[in-house]
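Chemist: Using the sequences and the accompanying hints, generate a full structural model.
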Amino acid sequence: MSLSISKVPTPINEPVKGYAPGSPERTSLKVRLAQMAAERIDMPLLINGKEMRTGKLAQSSMPHRHAHVLGDYHQAGTAEVQQAIAAATDAQKDWANLPWEARAAVFLKAADLLAGPYRDTSNAATMLGQSKTCHQAEIDAACELVDFFRFNVAFYERLLKEQPYVSAPGTWNRLEHRPLEGFVFAVSPFNFTSIAANLPTAPALCGNTVVWKPASTAVYSAHFLMKLFKQAGLPDGVINLVPGSGATVGDPVLASKDLAGVHFTGSTRVFNQMWRTIGNNIDLYRSYPRLVGETGGKDFIIAHPSADPVALVTAITRGAFEYQGQKCSAASRVYVPSNLWPKVKDLLVAQVESIKMGDVADFSNFMGAVIDAGSYKTQKAAIDQAKAASDASILVGGQCDDSEGYFVRPTVIITTNPGYRTLCDELFGPVLTLHVYAESKWLETLDIVDQTSPYALTGAIFAQDRYAIQQGVERLRNAAGNFYINDKPTGAVIGQQPFGGARASGTNDKAGSVLNLQRWISPRTIKETFAPPTDYRYPFMQPE
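By the working numbering, the letter at position 365 of the sequence shown is numbered 383, and the numbering carries on one by one without gaps.
The set of hints was computed from the structure by calculation and includes no laboratory data. Every value quoted in this text rests on a predicted model; they were computed, and no experiment measured them. Treat each hint with caution, since some may be false.
BS3-like, lysine-lysine: derived pairs with alpha carbons at most 27 Å apart [claimed, not checked]:
(1) K179 / K25
(2) K35 / K374
(3) K179 / K127
(4) K248 / K127
(5) K405 / K395
(6) K459 / K363
(7) K48 / K127
(8) K68 / K245
(9) K111 / K545
(10) K25 / K248
(11) K68 / K275
(12) K363 / K374
(13) K35 / K127
(14) K74 / K245
(15) K111 / K179
(16) K127 / K68
(17) K374 / K395
(18) K405 / K363
(19) K248 / K48
Modeler: Structure representation (structure tokens):
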């Protein structure tokens with residue numbers, strides 16, 4: 019795979035549109051929202067470029083108006099999954115043999131289409147199907163996805179330039195950046211359209227072909243992503259869309275000898291199950307599958323006694339409650355020193371009580387609904403438990419209503435117990451737990467933050483004291499793969515903060531960087547000798 023002298027365009031982060039009243043982007047998006055909400059579409063599987071309808075249907079509905087069905091999607095069975103595997107393996111040779119620039123051009127075109135004529139469709143699908151506000155959809159389904167496409171191409175070009183440093187006289191050493199041998203299984207979550215698209219396309223850029231299972235609660239946006247890929251010129255069979263239940267799709271995929279890798283974002287429990295199954299099947303595979311996973315999180319904010327309380331509260335509110343707390347990086351546990359607590363308490367209660375939530379088509383809302391009935395039950399159970407607990411109570415929020423949509427008011431639980439359940443367990447919703455610690459116990463509390471949760475995805479420290487900041491950096495070194503100082507623990511930007519965590523939060527392969535792309539290549543070292551030796555004997559063997 020040669021690297022020509024051509025250079026891809028230098029990427030810059032896609033500007034975020036503001037959608038202010040009277041702006042052209044607001045007017046245009048509202049028109050597209052109305053058009054898409056008025057349709058009930060049919061969503062087939064897409065295997066080898068062909069639409070397939072199984073007749074086994076499930077519904078995609080608006081979380082904030084769950085009686086409103088956006089479309090009906092066909093679910094894959096074992097036969098369709100096997101066809102997708104065959105399509106991916108059959109397509110790989112031609113796709114991998116394309117010049118790398120030809121593959122890159124597909125995704126650069128996808129970026130320009132998404133930044134332009136496809137922007138409203140991607141944003142509207144994410145708003146309607148995943149209950150994101152226009153701002154949250156814009157930074158996800160438009161800007162971050164455009165960034166993934168453009169920056170991944172630049173990262174891949176950089177990766178291809180990695181070559182042996184020296185060739186001895188009479189030889190030429192070079193490195194071929196092959197794709198993996200087999201297909202990649204991409205399993206994507208509901209919460210980020212950009213992540214859902216990156217999971218199949220990052221391996222595809224590197225010459226791999228993909229079987230893609232989107233989250234059942236995000237098939238609607240995945241349907242439109244496949245249309246975008248097709249419009250950008252992605253050949254048939256490179257990415258094959260197979261919605262369906264985890265076991266129905268996953269079991270035949272994980273049993274295939276041609277499984278070369280898994281690109282996963284989702285729960286720790288599911289990733290552990292997949293890893294365990296692959297381990298048990300290890301003798302079946304042609305090669306050891308690459309396992310790349312970004313999983314759960316119990317992300318923290320800890321404030322030092324020197325922290326600015328106003329900045330702290332704003333970070334808590336945005337970090338915990340934007341997109342209903344349904345971000346892998348969302349703040350879900352907060353530690354506040356006793357000296358700041360009176361002011362923080364008043365500011366936090368006032369901010370949370372002022373949050374407006376409802377239908378995301380109303381652009382004045384800060385929050386929409388949680389994704390489905392299962393999430394609603396999880397949040398409500400945690401709230402009800404706190405209401406009945408002797409060592410916890412509801413500081414603000416706590417109201418739940420699923421009569422029209424799955425609405426959970428932004429809720430702050432306060433507890434005197436640093437081991438309280440909701441300080442430890444992932445809820446993935448708009449329920450934050452806060453613990454007030456004695457201001458003299460700063461170092462001890464850093465250790466509590468590090469040891470309380472099995473996860474290590476994101477975390478933030480607020481302090482003005484530089485020594486305290488350094489103490490936090492050192493003591494929390496392994497507590498978060500993305501660490502923030504005087505900022506909320508959400509909002510990683512491609513090219514600026516590569517994203518991923520360790521411990522129970524995943525393999526920390528840093529989406530949005532060259533570190534992730536290198537997992538999707540299998541390098542081959544080639545040494546060519548121009549004048550090979552013709553005598554096996556070495557000089558030391560000559561007689562005295």
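Chemist: Each hint should be assessed against the structure and marked as holding or not.
Modeler: Against the structure, the hints come out as follows:
Under the criterion of a C-alpha separation no larger than 27 Å, the hint pairing K179 with K25 is consistent with the structure, at around 11 Å. A hinted pair counts as satisfied when its Cα atoms are at most 27 Å apart, and K35 with K374 qualifies at roughly 21 Å. A threshold of 27 Å between alpha carbons decides the hint, and for K179 with K127 the separation of about 23 Å falls inside it, so the pair holds. Restraint check for K248 and K127: satisfied, since their Cα atoms lie roughly 11 Å apart, inside the 27 Å limit.
Between K405 and K395 the CA atoms are separated by roughly 15 Å; this keeps the pair inside 27 Å, and the hint holds. In summary, the hint linking K459 to K363 is supported, as the alpha carbons are separated by about 19 Å, within the 27 Å threshold. Of the pairs offered as hints, the one joining K48 and K127 holds, with about 25 Å between alpha carbons and a cut-off of 27 Å not exceeded. Annotation: proposed proximity of K68 to K245 holds, straight-line Cα distance about 12 Å (limit 27 Å).
In summary, the hint linking K111 to K545 is supported, as the alpha carbons are separated by about 24 Å, within the 27 Å threshold. As the CA atoms of K25 and K248 are separated by approximately 25 Å, the hinted pair is consistent with the 27 Å bound. At roughly 24 Å between alpha-carbon atoms, K68 and K275 fall within 27 Å of each other, so this suggested pair holds. Proposed proximity of K363 and K374 is supported: the alpha carbons are some 19 Å apart, at most 27 Å.
Simply put, K35 and K127 have alpha-carbon atoms about 20 Å apart, close enough for the 27 Å limit, and the pair holds. For the hint linking K74 to K245, the alpha-carbon distance of about 22 Å falls within 27 Å, and the restraint holds. Between K111 and K179 the alpha-carbon distance is near 22 Å, which keeps this suggested pair within the 27 Å criterion. Restraint check for K127 and K68: the C-alpha separation of about 22 Å stays at or below 27 Å, so the hint holds.
For the proposed pair K374 and K395, the alpha carbon gap of about 21 Å is at most 27 Å, so the pair holds. Restraint check for K405 and K363: satisfied, since their Cα atoms lie roughly 18 Å apart, inside the 27 Å limit. At most 27 Å may separate the alpha-carbon atoms for a hinted pair to count; K248 and K48 meet this at roughly 25 Å.
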